[in-house]
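Go ahead and model the full structure; you've got the sequences and the hints to work with.
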Amino acid sequence: ETGVTQTPRHLVMGMTNKKSLKCEQHLGHNAMYWYKQSAKKPLELMFVYSLEERVENNSVPSRFSPECPNSSHLFLHLHTLQPEDSALYLCASSQDSVAGHYGYTFGSGTRLTVV
Amino acid sequence: KQEVTQIPAALSVPEGENLVLNCSFTDSAIYNLQWFRQDPGKGLTSLLLIQSSQREQTSGRLNASLDKSSGRSTLYIAASQPGDSATYLCAVFTGGGNKLTFGTGTQLKVEL
Chain R
1 ETGVTQTPRH LVMGMTNKKS LKCEQHLGHN AMYWYKQSAK KPLELMFVYS
51 LEERVENNSV PSRFSPECPN SSHLFLHLHT LQPEDSALYL CASSQDSVAG
101 HYGYTFGSGT RLTVV
Chain V
1 KQEVTQIPAA LSVPEGENLV LNCSFTDSAI YNLQWFRQDP GKGLTSLLLI
51 QSSQREQTSG RLNASLDKSS GRSTLYIAAS QPGDSATYLC AVFTGGGNKL
101 TFGTGTQLKV EL
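Chain order of the listed sequences is R and V.
Sequential numbering from 1 applies to the first sequence in the working numbering.
Sequential numbering from 1 applies to the second sequence in the working numbering.
Among the clues, some could well be false.
List of simulated lysine to any residue pairs, SDA-like, C-alpha gap at most 20 Å [claimed, not checked]:
#1 Lys41/R x Ala10/V
#2 Lys41/R x Asn22/V
#3 Lys41/R x Ala79/V
Derived from the structure by calculation, the hints contain no laboratory data.
Shown next as structure tokens:
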């Protein structure tokens, strides 16, 4: 366990379904992230939350909706997805301060399959 | 725009061999560089973090170096073992909106 926990580990959903991915960190970090990893592609940053405020939205389609209710929890709400959205979704956290940045900690990911 | 390249894309070595994985980046204005390991279908495990002011970091059989001015980093694995088989990713952090840019990885296979 890295200190970042993602649930569920695997998810199969139809294109008309609504589901949510959950991420939880108990590292005391102040920033959390959603990344998408598709086959043969580098990891793509989707969303960044710093101190519970969204600071980055990398042109992600509106069918992906993030929520950060507090500094320890991050959700990714999914609706009307497409088959090309099938991928490994990774959550990460980091501790950032004026003194510097101290690296990212990743969860184990949620393998999403859209049918 | 920062671009990160990893060479080779895949590598197969016999057990016990020492090996070097390469990472290059186009913009040298980085805060730090992080090496990760990823097993198939799993998340990323952080191996080493090198701040921009540092030249290298060591952890067990792993040694990572950073030459910021030339935009290069290497990950040296000593006495490789089958359990080292995984994909190794390097990522550079350039700040400004928490930008962490990943390479496409090197897929390593260590054979008995």
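Quick one: which hint numbers does this structure break? Sort them smallest to largest. Violated hint (a single one): 3; every other hint is consistent with the structure.
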